[in-house]
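Quick note, the sequences are listed as chains Z and D, same order. Note that the first sequence covers residues 1 to 285 in the UniProt record's numbering. Note that the second sequence covers residues 1 to 550 in the UniProt record's numbering.
There could be a bad hint or two in this list.
[What the hints assert, rightly or not] Incomplete in silico selection of chain Z near chain D, CB under 10 Å:
1. G17
2. W55
3. F125
[Said to hold, decoys possible] Listed next, the stretches of chain Z that the computed footprint assigns to chain D, with coverage defined by at least 3 CB atoms under 8 Å from CB atoms of chain D:
4. 93-100
5. 197-208
[Unchecked claim] Computed beta-carbon distance windows for the label pairs:
6. Z:V160 x D:R472: 46 to 54 Å
7. D:D402 x Z:G228: 31 to 39 Å
8. Z:V160 x D:Y165: 51 to 59 Å
9. Z:A119 x D:V333: 35 to 43 Å
10. Z:R143 x D:G81: 19 to 27 Å
11. Z:S138 x D:G38: 54 to 62 Å
12. Z:V284 x D:P331: 24 to 32 Å
13. Z:P8 x D:G250: 42 to 50 Å
Don't read these hints as lab results, they were simulated from the structure. Here a beta-carbon is modelled for each residue, glycine too, at the ideal position from N, C-alpha and C.
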Amino acid sequence: MSGSYYVPPQSKWPALGSLAVGVMMVSLGMQLVHGIGGLVMTLGMAAVLTVMWLWFRDVVRESRQGLYDAQMDRSFRWGMGWFIFSEVMFFAAFFGALFYVRVFAVPWLDGEGAKGVAALLWPDFTASWPLMNPPSESISGPREVLSPWQLPLVNTIFLVTSSVTLTIAHEALKEGYRNTARNWLIGTILLGVCFLVVQGIEYYEAYHHYGITLQAGIYGSTFFLLTGFHGAHVTIGAITLSVMLMRVMKGHFDRDDHFGFEAAAWYWHFVDVVWIGLFIFVYVL
Amino acid sequence: MAPKLPPRLPPQHPLEQAGEAAGPAGHAEAGYHHGPKGLLRWLLTTNHKEIGTLYLIFSLSMFFIGGIFALVVRAELFQPGLQLVQPEFFNQMTTMHGLIMVFGAVMPGFVGLANWMIPLQIGAPDMALPRLNNFSFWLLPVAFTLLLSTLLMPGGGPNFGWTFYAPLSTTYSPPSTTFFILSLHMAGISSILGAINIIATILNLRAPGMRMMDMPLFVWTWLITAFLLIAVMPVLAGVITMMLLDINFGTSFFNAAGGGDPVMFQHIFWFFGHPEVYIMILPAFGIVSAIIPTFARKRLFGYASMVYATSSIAILSFLVWAHHMFAVGLPLVAELFFMYTTMLIAVPTGVKVFNWIATLFQGSISFETPMLFALAFVVLFSIGGFSGLMLAIAPADFQYHDTYFVVAHFHYVLVPGAVFAIMAAVYYWLPKWTGHYPNERLGRWHFWTSVVGVNLTFFPMHFSGLAGMPRRIPDYALQFADFNMASSIGALLFGTSQLLFVWMIIKCVRGGEKAPAKAWDGAEDLEWTVPSPAPLHTFETPPRFQHQEH
Numbered sequence: 001m002s003g004s005y006y007v008p009p010q011s012k013w014p015a016l017g018s019l020a021v022g023v024m025m026v027s028l029g030m031q032l033v034h035g036i037g038g039l040v041m042t043l044g045m046a047a048v049l050t051v052m053w054l055w056f057r058d059v060v061r062e063s064r065q066g067l068y069d070a071q072m073d074r075s076f077r078w079g080m081g082w083f084i085f086s087e088v089m090f091f092a093a094f095f096g097a098l099f100y101v102r103v104f105a106v107p108w109l110d111g112e113g114a115k116g117v118a119a120l121l122w123p124d125f126t127a128s129w130p131l132m133n134p135p136s137e138s139i140s141g142p143r144e145v146l147s148p149w150q151l152p153l154v155n156t157i158f159l160v161t162s163s164v165t166l167t168i169a170h171e172a173l174k175e176g177y178r179n180t181a182r183n184w185l186i187g188t189i190l191l192g193v194c195f196l197v198v199q200g201i202e203y204y205e206a207y208h209h210y211g212i213t214l215q216a217g218i219y220g221s222t223f224f225l226l227t228g229f230h231g232a233h234v235t236i237g238a239i240t241l242s243v244m245l246m247r248v249m250k251g252h253f254d255r256d257d258h259f260g261f262e263a264a265a266w267y268w269h270f271v272d273v274v275w276i277g278l279f280i281f282v283y284v285l
Numbered sequence: 001m002a003p004k005l006p007p008r009l010p011p012q013h014p015l016e017q018a019g020e021a022a023g024p025a026g027h028a029e030a031g032y033h034h035g036p037k038g039l040l041r042w043l044l045t046t047n048h049k050e051i052g053t054l055y056l057i058f059s060l061s062m063f064f065i066g067g068i069f070a071l072v073v074r075a076e077l078f079q080p081g082l083q084l085v086q087p088e089f090f091n092q093m094t095t096m097h098g099l100i101m102v103f104g105a106v107m108p109g110f111v112g113l114a115n116w117m118i119p120l121q122i123g124a125p126d127m128a129l130p131r132l133n134n135f136s137f138w139l140l141p142v143a144f145t146l147l148l149s150t151l152l153m154p155g156g157g158p159n160f161g162w163t164f165y166a167p168l169s170t171t172y173s174p175p176s177t178t179f180f181i182l183s184l185h186m187a188g189i190s191s192i193l194g195a196i197n198i199i200a201t202i203l204n205l206r207a208p209g210m211r212m213m214d215m216p217l218f219v220w221t222w223l224i225t226a227f228l229l230i231a232v233m234p235v236l237a238g239v240i241t242m243m244l245l246d247i248n249f250g251t252s253f254f255n256a257a258g259g260g261d262p263v264m265f266q267h268i269f270w271f272f273g274h275p276e277v278y279i280m281i282l283p284a285f286g287i288v289s290a291i292i293p294t295f296a297r298k299r300l301f302g303y304a305s306m307v308y309a310t311s312s313i314a315i316l317s318f319l320v321w322a323h324h325m326f327a328v329g330l331p332l333v334a335e336l337f338f339m340y341t342t343m344l345i346a347v348p349t350g351v352k353v354f355n356w357i358a359t360l361f362q363g364s365i366s367f368e369t370p371m372l373f374a375l376a377f378v379v380l381f382s383i384g385g386f387s388g389l390m391l392a393i394a395p396a397d398f399q400y401h402d403t404y405f406v407v408a409h410f411h412y413v414l415v416p417g418a419v420f421a422i423m424a425a426v427y428y429w430l431p432k433w434t435g436h437y438p439n440e441r442l443g444r445w446h447f448w449t450s451v452v453g454v455n456l457t458f459f460p461m462h463f464s465g466l467a468g469m470p471r472r473i474p475d476y477a478l479q480f481a482d483f484n485m486a487s488s489i490g491a492l493l494f495g496t497s498q499l500l501f502v503w504m505i506i507k508c509v510r511g512g513e514k515a516p517a518k519a520w521d522g523a524e525d526l527e528w529t530v531p532s533p534a535p536l537h538t539f540e541t542p543p544r545f546q547h548q549e550h
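Isolated chain Z (complex conformation) (with noise of 0.2 Å):
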């Protein structure tokens, strides 16, 4: 190692960044406890946005002035990989709490585990999942549940492709196929977008003919929890790799340094990864 790492100059975005976030967190909270602060947590998360935007256009332009060796690629890949890790256990907290209601707690509330309580508080609740008939009464359950065989299934096929044609396109990238890569990057991001239509089409029938609300009890609480992150992570996803697509459409990337566009795949496998988890355990178990 020859002393090459690259430290950049003083920056603004980051204080810009967390002043930005500071508003949008701070306006999400008045509209939440007040019902006012929308229009200012709107232009907070824009803020946010534009901050993001030339934060990683610097960090573009430096890797393209050829400033990063090959030790800052590897911080590159130790911050990405980490940032998934994390983003893996946050999901886990939440598919932790399904599998905990699911095991334990409505069970608990049916007096199994020689649990007294529950059974003096709601002696006709009966555990079921998913849970239509939630303990107390002033809490209606969804009427119907989605069957995973129609768009949940249609939505796995299209995350699953979505990932095969992204491994198309980085496998073209490596090669020199710039054209070819940016056909199959534009497949992927139109599959993303699809799935993100048939998710909002979805959560459309679960509001509207299901009776799958989040003030449903239970069932709908996880759902939403699990299936919303996700499809926020998608949305994530989508953004990230379209970013990517405009850079291979400005000729950006190398055959064997194209970093950004695999941080972006990883994330997008990541995200097709959890999915599968939630195809298996939210919607067919």
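Chain Z is fixed; fit chain D onto it per the hints.
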């Protein structure tokens, strides 16, 4: 009793770096990037030393704010009955004291030390991702301003304890809880990004020739701490997100009426919370493992076993969370499992304490202030460890649960544990940061008043707790009056004596006895090869690390 400072060696520059031969004062101003001065310099910086300083100053400010909250609590508990504050406000004080100390004082304190020292100890030019580093820091003032502002909101601030158990923190919480959640989200993002940076730095920026098993223990313990942070801070984010949804969107995660379970909150929270307490102590182990060999003038005894013990503690920390919940109504098999895994932690911790003592054995020991704090750490942390073992025994815990015995236990591991380690580190590394030795006389006054204050505060809590005094209650039965009065006097002494700490730091920054590159004659790590004060940029060309047998 306390011998003189170690003999001064002439400043050494074994690395012969062109940039640093210019001498500390000149070089500090001769860095290659020069941006704005004054406040903007601190806002825009990407330098690990400046960011480390920011973290440490932030941590110290939060230490005082959290300390004032604690003194409000202790003032109310000075005598039985309600004198000074309403129970509602008392609850806000206990809650905010815990939150501020954990997330605002101890964690940023260790991150500040990591920022300053890890690049110096591994021979790196800076942190791996310097801009991200600054983002991690500046999220904190935003987050904690928001958190503190909840005290002024209608209905008051968080009042449900720093563990914010549902349904106290959901169904029965004040409206400001949403802001509390959002501020904790920001602090969490800061921690995760900071930990990613630290882990990338350690794995990727070590000087050529430095293998993993050559790293100083402070670096090792921080590597493992960073892993814990990345593993559990997202879980905290998950659980507070579920709270946010329960409060604002009518979900049923912690509401049994909808099929959820408030106990599930405790499981998820403590899955985060137990590794979290090790996040607050593992870097302390690393600091003590640096200071004791220096002032015993011996190599650390059992370097490899220290690394393995730290790793074991980290792995076990994921398997013990429900020992915080013995009294909640767990199945018997869970009580037994968590009891035994918890006791198992005593083994690697015992290895560490043994190694520190073995390092002292036949050492040529001197007792400068950093060493005093480190030795107090070993003794007093062990007391906290032993009371932890008592609490680990599930049947006994039914008696101790939610009493002042628990308060005594975790304050012994956190105050003379984590906080003393941070102070030891400050005294130890101040010569490297400022180029001046800390005032030894002031340091010793600070040390002894702190030790007396801490023990006077927390030792009586063992007795009041065993006798059944519940925690988090503003009033108490008359038989606890003497113990509480002692605790309150001790708290005032400890709190006031921290002003000596601030005075010492200010004096040390402004002047004092000049320190050479190797400020302590038993200190062996790489940071002592650069001048004191360390110039703004160090190791721009990586040093060649000479492997030494540990």
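Against the structure, the hints:
A hinted interface residue such as G17 (chain Z) counts as satisfied when its beta carbon comes closer than 10 Å to some beta carbon of chain D; here the least separation is about 5 Å, so the hint holds. The interface hint given for W55 (chain Z) is met, as the beta carbon of that residue sits about 7 Å from the closest beta carbon of chain D, less than 10 Å. At about 9 Å, the closest approach between the beta carbon of F125 (chain Z) and any beta carbon in chain D falls short of 10 Å, and the interface hint on this residue holds. Remark: the region 93-100 of chain Z is confirmed as covered by chain D, as 5 of its residues place a Cβ nearer than 8 Å to a Cβ of that chain, reaching the required three.
Against chain D, the region 197-208 of chain Z contributes 0 residues with a C-beta closer than 8 Å to a partner C-beta. That does not satisfy the three-residue criterion, and the hint is violated. For the hinted restraint 46 to 54 Å between V160 (chain Z) and R472 (chain D), the CB-CB distance of approximately 51 Å keeps it satisfied. At roughly 36 Å, the beta-carbon separation of D402 (chain D) and G228 (chain Z) lies within the given 31 to 39 Å, and the hint holds. Between V160 (chain Z) and Y165 (chain D) the C-beta distance comes to about 41 Å, which lies outside the given range of 51 to 59 Å.
Between A119 (chain Z) and V333 (chain D) the beta carbons are some 22 Å apart, a value that contradicts the proposed interval 35 to 43 Å. Between R143 (chain Z) and G81 (chain D), the C-beta spacing of about 56 Å breaks the proposed range 19 to 27 Å. The hinted range of 54 to 62 Å is satisfied by S138 (chain Z) and G38 (chain D), whose Cβ atoms lie roughly 59 Å apart. With their beta carbons about 28 Å apart, V284 (chain Z) and P331 (chain D) fall inside the hinted range of 24 to 32 Å.
Take P8 (chain Z) and G250 (chain D): their Cβ atoms lie about 46 Å apart, and the range 42 to 50 Å holds.
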